[in-house]
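Novice: Listed in order, the protein sequences are those of chains A and B. If you count the first sequence from 1, you need to add 318 to reach our numbering. If you count the second sequence from 1, you need to add 318 to reach our numbering.
Errors might be hidden in some of the hints.
Any copy, or any two copies together, can satisfy a pair, since identical chains are not distinguished.
To be verified - List time: in silico DSSO-like cross-link candidates among lysine-lysine, alpha-carbon distance up to 30 Å:
1. K638 - K352
2. K558 - K641
3. K352 - K558
4. K638 - K497
5. K456 - K638
6. K641 - K352
7. K638 - K558
8. K352 - K497
9. K502 - K352
10. K641 - K456
Think of the hints as simulated: they come from the structure by calculation, not from any bench.
Protein chains: 2
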Amino acid sequence: MTQPRLDVLAIGNAIVDVIADADDGFLAEQSLDKGSMRLIDEAEAERLYGLMGPGREASGGSAGNTAAGLAALGIRTGFIGQVADDQLGAIYRHDIQTLGVDFLVEPRRDVGATARCLILVTPDAQRTMNTFLGAAQKLDASAIDHAAVADAGILYLEGYLWDPEGPRHAMEAAIDAAKAAGRKVAFTLSDTFVVDRHRADFLRLMDEGRIDILFANAMELAAMTGEDDFDAGVAALAPKLPLLVVTHGDQGAVAVAGEERARVAAEPIERLVDTTGAGDLFAAGFLAGQARGLGLEQSLKLGAIAAAEVIQHYGARPEKDLKALAGGLL
Amino acid sequence: MTQPRLDVLAIGNAIVDVIADADDGFLAEQSLDKGSMRLIDEAEAERLYGLMGPGREASGGSAGNTAAGLAALGIRTGFIGQVADDQLGAIYRHDIQTLGVDFLVEPRRDVGATARCLILVTPDAQRTMNTFLGAAQKLDASAIDHAAVADAGILYLEGYLWDPEGPRHAMEAAIDAAKAAGRKVAFTLSDTFVVDRHRADFLRLMDEGRIDILFANAMELAAMTGEDDFDAGVAALAPKLPLLVVTHGDQGAVAVAGEERARVAAEPIERLVDTTGAGDLFAAGFLAGQARGLGLEQSLKLGAIAAAEVIQHYGARPEKDLKALAGGLL
């Protein structure tokens, strides 16, 4: 097989984060469950936005954050996520392109507004997320550049985007294109609500051998397997996949590939500021290692390094030089 | 005179800040003068934006920041600044309204895009600003609600907006409306380039008694008077005005009203992070004191408190509870 043009091509929700301070009383008034993520429609997005305090806007989205981390690590990365032909769409495109990521979709006029995530930050540094998917959920199969998928070493898919039907079909088509070209498919479960709604689908994909690398955190693992015990969950899920990667918060992470098993501790940090993006950046570090042909342990270590950087500041995209932090690993 | 509906009505540029990290090499390549502010057209805004790194967006604008500070201090405040009927315009309106400021203009479709300030932050925490005024400079006299001006205790005008002709005429009409209603007019010189271009105009306004309170920093004072010595500059300018307020960085500030003279030291701070908005928030604190009928010294003290808050974090609008910081003064 020839060397692919891209190391990783990610598909996910193209979302602009709108971050505002809020107190516990506001969450209670709005019946919001602290620390949760919920999907909202445009009317609710407008209503809640009208009540929120002044915001700061920055590009986000789970796979988009992973793509940003990959590019920061010097990995040739592409991203597919639907934006509208509006100012927030232009901001999203600018932010990811200037990181060096190939942005592989055209903005569209017929898809409503670019997605926004209204993030309420309480004084305890927790984040409560309210996502209006807008244009992002209008991604359809015609937006997928099959030649680009076939020419990328790893296709990386965000579970959040499995929820709406159009993007799900687009991602299934992308999986087919990647598999036909002999490429690897990586998938992140994203959230327990995603697992609860699509468990059967995900098991089918695994049974069909269409997922090569699965990312989950401890809660998603439990939701997927029904096993509350971390090690029992890993033991139950690992046989279904060529490579399973599970993060376990400050206890580190584990990777299992057949008989091979590796574990890494969390990187030491000076100060925990904001855990948003931890999983996204862990995936970026791990995939960077895989793209460079590193072993499980070194790939896990890169994941831990990238995650440790992003949780020590506000925001879900890296600020420090990840390549420098990775040292001799890459 | 009856009690006015608003304590302060501010007129200024409605600008969304786009903040990105940059290194000295980038400033050199782009021939940008570190720490300066320059006006750019839409083509240059697009060009420079395309080269900048990923940005964070937040509402700004000098008088807008002052209005935000006034509202945070519990002062009844209105704001007039032209935005376009676009997403950044909606963001600007949302941010200032949810602070409790009356936003008194309608977005327009025929004014291009909402203004943006591309702010490059170098590792030494200095900010280099590139402002595309867009819709903001299309503010015209018809946008001024004369009844609202007549019903506001103090009209506060931003010197930056004196530069484009339409807003200048709009502000002259607003001054007339305020004066006819027996209200006070406050004016900030904003920048030395503004003073250099409009010195004669400003002297004429002072001679005609149309400015009651003038705000300047030490550099603007020097540009206005030709006196490099701070005290000599104050002595030269003060007789032209009922009330002159001059800030002097970490040396504090001085106010002169006829024979009365007051001086305040800068408030102690823990850490200087970002001086953007210092002058805007000083004006907010001082005007809050004036709106509440306080004397010069207490008004200066409020200015110093508000300025000290804003320079200890990134961004030009207050984050901590200014009313609490003001303690018993208000």
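Novice: Among the hints numbered above, which are violated by the structure, and what are their numbers in rising order?
Specialist: 2, 3, 4, 5, 7, 8, 9 and 10
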